[in-house]
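S.K.: Chain residues, written in single-letter form:
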Amino acid sequence: MTASGEAEKTEEKDRAGLKGRGTYVKAVYDASIRKKKTFIAVMAAVLLAMVILSLSLGSVRIPAFDVLACLFNQIAPDTFALSKPYYSNIIINGREPRILLCIFTGIALGASGTVMQSLLRNPLVSPFTLGVSSAAAFGAAMAIAFGAAIFGSAYYGVLDVMGITFSAKTLITILFAFMFGTLSMALVLIISKNNIASQSVLVLSGVVVGYLFQAGVSFAKYVSDDTALREIVNWLMGGMWGATWSSVLFIVPIVMVGFFLLESRAVDMNTMSGGDDVAKSLGIEVHKIRRDLLIVCTLITSACLAFTGVIGFIGLMAPHICRILIGNDNRYLIPASALMGAIILLLSDTVARILMSPQEIPVGILLYIIGGVFFIWLVSRKNGRYLA
Amino acid sequence: MKMSVESLVQGYDGNTVIEDIDFQTHTGDVMSVLGPNGSGKSTLIKTLCNLHDPMAGRVKIDGRDIKEYSRTDLSKILGYVPQYYNYAQFTTVLDTVLMGRRPYINWDYTEEDLNMAERSMSRMNVLDLASRYINEISGGQLQRVFIARTLCQNPNFYIFDEPTSSLDLRHQIQTMKIMREIVHGQDRGMIIALHDLNLALRYSDKVLMISNKKIYSYGTPEETITPDAIKDVYGVEADIIESEKGPFVLSYDSC
Chain F
210 MTASGEAEKT
220 EEKDRAGLKG
230 RGTYVKAVYD
240 ASIRKKKTFI
250 AVMAAVLLAM
260 VILSLSLGSV
270 RIPAFDVLAC
280 LFNQIAPDTF
290 ALSKPYYSNI
300 IINGREPRIL
310 LCIFTGIALG
320 ASGTVMQSLL
330 RNPLVSPFTL
340 GVSSAAAFGA
350 AMAIAFGAAI
360 FGSAYYGVLD
370 VMGITFSAKT
380 LITILFAFMF
390 GTLSMALVLI
400 ISKNNIASQS
410 VLVLSGVVVG
420 YLFQAGVSFA
430 KYVSDDTALR
440 EIVNWLMGGM
450 WGATWSSVLF
460 IVPIVMVGFF
470 LLESRAVDMN
480 TMSGGDDVAK
490 SLGIEVHKIR
500 RDLLIVCTLI
510 TSACLAFTGV
520 IGFIGLMAPH
530 ICRILIGNDN
540 RYLIPASALM
550 GAIILLLSDT
560 VARILMSPQE
570 IPVGILLYII
580 GGVFFIWLVS
590 RKNGRYLA
Chain C
978 MKMSVESLVQ
988 GYDGNTVIED
998 IDFQTHTGDV
1008 MSVLGPNGSG
1018 KSTLIKTLCN
1028 LHDPMAGRVK
1038 IDGRDIKEYS
1048 RTDLSKILGY
1058 VPQYYNYAQF
1068 TTVLDTVLMG
1078 RRPYINWDYT
1088 EEDLNMAERS
1098 MSRMNVLDLA
1108 SRYINEISGG
1118 QLQRVFIART
1128 LCQNPNFYIF
1138 DEPTSSLDLR
1148 HQIQTMKIMR
1158 EIVHGQDRGM
1168 IIALHDLNLA
1178 LRYSDKVLMI
1188 SNKKIYSYGT
1198 PEETITPDAI
1208 KDVYGVEADI
1218 IESEKGPFVL
1228 SYDSC
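First to last, the sequence lines map onto chains F and C.
Residues in the first sequence are numbered from 210 upward in steps of one, following the working numbering.
Residues in the second sequence are numbered from 978 upward in steps of one, following the working numbering.
Just so you know, these hints were derived from the structure itself, not from any lab.
It is possible that some hints are incorrect.
Calculated pairs, EDC-like style, for lysine to aspartate or glutamate (alpha carbon to alpha carbon, straight line, at most 16 Å) [to be verified]:
1) C:979 x C:1164
2) C:979 x C:997
3) C:1191 x C:1173
4) C:1208 x C:1182
5) C:1044 x C:1085
6) C:1154 x C:983
7) C:1053 x C:1090
8) C:1053 x C:1030
9) F:235 x C:1230
10) F:235 x C:1173
11) F:235 x C:983
12) C:979 x C:1030
13) C:1053 x F:472
14) C:1023 x F:472
15) C:1037 x C:1085
16) F:246 x C:1085
17) F:246 x F:472
18) C:1190 x C:1050
19) C:979 x C:996
20) F:245 x C:1085
21) C:1044 x F:494
22) C:1023 x C:1006
23) F:235 x C:1089
24) C:1191 x C:1050
25) F:235 x C:1090
Rough simulated footprint, nothing fancy, chain C against chain F, three-plus residues with beta-carbon under 8 Å [stated by the list, open to error]:
26) 517-529
27) 561-571
These numbers were taken from a predicted model, which means no experiment stands behind them.
Heads up, the beta-carbon is just placed ideally off N, CA and C, and yes, glycines get one too.
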């Protein structure tokens, strides 16, 4: 469109009495918000349907009615009689914690990926690329390979946490994974401290720290015996085997608080897309926000990864998928990516459970296939428009 | 409102880029900053916006050092458009303009915010682009969108770093005209780094010329933009031609 053409069109609008009254912009704005809200509502509905489906599928198939009845009984006990009484145990103690772990891990990774990409203005950034996953993997591998040597017989003991019995081994692995995951971001921030203004230095530090920890993982693998090696490999592929109610009770509050902290700063992140100088001139303490929010992202992802093992892909993909569909407004992009992460992870885990039932496939394998195919379809559909 | 700059020194890694900068400007004036490439115009502009702490000296607004203002308070006083832009994919023109309301909002925009956005966009002639992604519009349109964002921010001083560099002739003139209207009609101030001497001559009330790190001259356009000054500062021969529509600079090849 030529410049004069534009001018004429604006003048036309003016004749219609729209100019300066906010009517036109309000209509455009309301329409875009409506689209985003609809998208989020649809995602929430899809997730809910997936939850019901996932509760009913598995090595024991439970009819949808019994699933709903059982869920209802949890709110108002003994309202409905189930067709088989043991269904209730499978649902409540077997599948529910696993599904909740999937959902909250998906939320943590989807939201963190979005935030990291916004904060560092880099589309390749995710908890995986910034070294958090590698560091958590390093912690877990160390615990598995050297735990017995370090903790002696205590390593094989059992501990009671919140009324549920854990093997000390599992607890130590979880703790190590969490600690090292968190440590990675501390390292990245220390390394890039003098160059905090440069996002490239931050990203590169993250990549390098990731490689350092990967070297550690390789070392742990190399010196491990066959049993330990198999455990490490399993951990590296990621899985929801570790799901229990106590793990859910640990993760849910951390992820919820983290999510609301991130969401509350969504407008600041939007502003930071204009560059650090512009964001500063619009009143944002850029370095402080960047540091604080990266720490929040690391805490919530480390907490989840400690229980699930390495789940890498969602943090990178979920934000991109949602950005293509609803645009870059973080106020809506963060919850949308969180839901997208939860859906992809739950779908992958459900397929992983039922595909070779009663055997399971590590969820990571399916995650890459399902997420990857979906992403390729999206990008090729809008050919040439994305990342142009 | 008055901005005063006192013995300002700024630079990087121990090397100074500008030295002994002293001047005052106030709302109601368009002040142009002129000088050759690398003379420190952008450095000065960024320091005035509190993006970098000065090596020495201070910038004051109404007698108070800008470092003593909170960032949010300062962002209601100073609006900045940089020379080079950053932007994210999949951000609409409207979202970009609405960023200007960040100092006034917490999470959601009110009707008044949207109203401001509409007025700013229609003033900069980018209203029709509202729902386009900013990576899909031209460089000149982008520049007008960023100026609209600053209008939406509604500060007391507009501080622009070469805001007309990508604009076509018509939009250069239109933009400068709008700037002057805003400044003169609404008691705002403007500090603007420029390359085009003719735009500076025609649209500014005050001109600050920088040469060799220091202020070469500061005064009205007629006082500062002279053949001698152009020769000293830019190393170019030029005449100031008086015409019916006002004076203009004619530079010619002297090499």
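S.K.: Tell me, in ascending order, the numbers of any earlier hints that this structure violates.
M.R.: Structure breaks hints 2, 3, 4, 5, 6, 8, 9, 10, 11, 12, 13, 14, 15, 18, 19, 22, 24, 26 and 27.
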